[in-house]
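Chains S and C, in that order, give the protein sequences. Counting from 1, one number per residue, gives the positions in the first sequence under this note's numbering. Counting from 255, one number per residue, gives the positions in the second sequence under this note's numbering.
To be clear, the hints were calculated from the coordinates, so they are not data collected in a lab. Check the hints yourself; a few may be wrong.
To be verified - Below, a sample of chain S positions facing chain C; criterion: calculated Cβ distance under 7 Å:
(1) Glu128
(2) Ile129
(3) Gly135
(4) Thr139
(5) Pro150
Unchecked claim - Far from chain S, some chain C residues (derived; all Cβ distances over 10 Å):
(6) Ser261
(7) Phe269
(8) Pro275
(9) Ala286
(10) Ser296
(11) Thr368
(12) Arg464
(13) Asp486
(14) Pro490
(15) Pro514
(16) Ala554
(17) Ala556
(18) Asp601
None of these values were measured; they are calculated from a predicted model. Cβ coordinates follow ideal geometry from the N, Cα and C atoms, glycine included.
Here is how the chains run, residue by residue.
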Amino acid sequence: MGFFADLGRWFLENWSGDAGWLVRIWQHVEVSAVAVVAAVLVALPLGAWLGHTGRGGLAVVSVVNIGRAMPSFGILALALPFTIWLADTVWFIDNGLGFAPTFVALFALALPPVFTNTWAGIRGVDPEIVEAARGMGFTGRRLLRDVEFPLALPVILTGVRVTAVQVVATATLGALVGYGGLGRYIIDGFATQDDVRIVAGALLVAALSVLTEAMFSLVERRVVSPGLGIERQTTVPTPETRFRNGEHPEAVLS
Amino acid sequence: MPEPMISLEGVTKVFPGSAAPAVDNLTLEVAAGEVAVLVGHSGCGKTTTLKMINRLIDPTSGRITVAGEDVMTVPAPELRRRIGYVIQQIGLFPHRTIADNIATVPRLLGWDRTRIDERTDELIALVDLDPALRNRYPRELSGGQRQRAGVARALAADPPVLLMDEPFGAVDPIVRSRLQDELLDLQRRLHKTIVLVTHDIDEAIKLGDRVAILQVGGVLAQHDSPAAILRDPAGPFVEEFLGSDRGIKRLSLMPIRDVPLEPGPVVSRAADPEEARAAMARYGVDWFGILDDGNLEGWAWAADLEQGPIASLPARSFRVRLGYDDSLRDALDTVITSHTGVAPVFDGERFVGMLTAEAISRELAR
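Produce the complete structure using the sequences and hints provided.
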């Protein structure tokens, strides 16, 4: 019982100030959000365009998936000398520790699933519907914007949601390279053998992940057309039904 | 013949990686306001032919014109917005409401909102869709309703030409038959130039003003009116394609009006029994019809003549009667199931003559 009492006290005593959990949550959300937004800005247009044209997509998916095989921890380690060098070279990056390497690792983590799901979602749009649209006089660009993209949206958003949750969980590692965030409590807790701090940090990360998941689910329900049916918003369709022959990316998140 | 609305001149399509052409040197003209049906087994190139008209597939060689304009000289999206397109699974956009689906081409053409809304309402009424479905999504509609919405969408910008690829393939036979009737009814009002692809010869016969039968490899086996094809099939392929009940199919296209009718064993109320007996003998039957002032009142048995003068006989009413515009297909059914082998034909209420099974078979042999 003593432990839980300590835990409760910890939350009451450590919410404010520069090392308080409010600030730490904000730091955690900040780097996660920037990484996810950056990944979406890069991967979504690229995945959508390659999915639309159907050219070179599979090759890019393969390359991108090499990235997925690399552990975020390793990327973090690799990113560190790179960001330190960047901070020395580029005027607007003043610190090669902390935010920059964390961002690089999370960006690398987020890019492949967002890209793959976008690409696969667009490829998975019923070819009959695409041809009907072409037959009515859609140009390529409008076809992508008005037909393929909205139809692929459930798959794309699922990709973004799962990615965001993963990024939030992984942002914890930022503490290893001098970033703040909730990982601080876990890393510092280990260093000082402070179990209460470790558990408190872990609980906060878990809560933030669950919150992220819930928020994205809400967004999905809001932006996906009701015509696509509720069942498609909560689960990713099975590859067998969604993909054409020969295009069977195992990479699709489930 | 006036300028055809659609013309294919020596059109060939060879798909990359395939030695045999999918469509081979096809020449075909479709007149304005006509329903042309392309029919054949799968792999005969009928869908390929259709898709070359709106350039979803580009021909390898040959020339296709729509309204006198070479389709290759028009940017494809622009061309397609002028041609209505209906496909088998209808291809309605699942993420858009029925109204938005119908408004697809007007939106592409940049019509203003009011005009689009008015046109959408007009089309929903035209294809007989329940206006309550306006804001529903395709998955909430039945197959027949979706098909109507698909036709409405194709007609939205009032294109002179409509391409339909197995438009009734996805609905059950009863609904299909009703939708076919509706299409014919719609066509009588709109006079579009329609090219329709089907594998169903009965559908082709029912809908087509002219039917083009294609053989595997996109070779035109015959192109003519359904009646002419059924009467005079060009070769064994067409004959086999038409099926063994070709005669019956022909009958469905012929109205009774076109067949010379017999007066039948009919006498007037004022006639004497000898006249009635002579009439019966002429037709080899044991009954006669009774005419009163040109009206066929009914009939009586030969034995009834014993009971008194014809003028006083009670007229038995005919259990079968045919309309002048009924098809011979329906008439045959009536005639062979009536034990006398004949049926009276009426033009409205006016008796016009008797139709016999022999007359029908004589007509088929012509």
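Quiz prompt | In rising order, the numbers of the hints this structure does not comply with | solution = When the structure is compared with the hints, none of them turns out to be violated.
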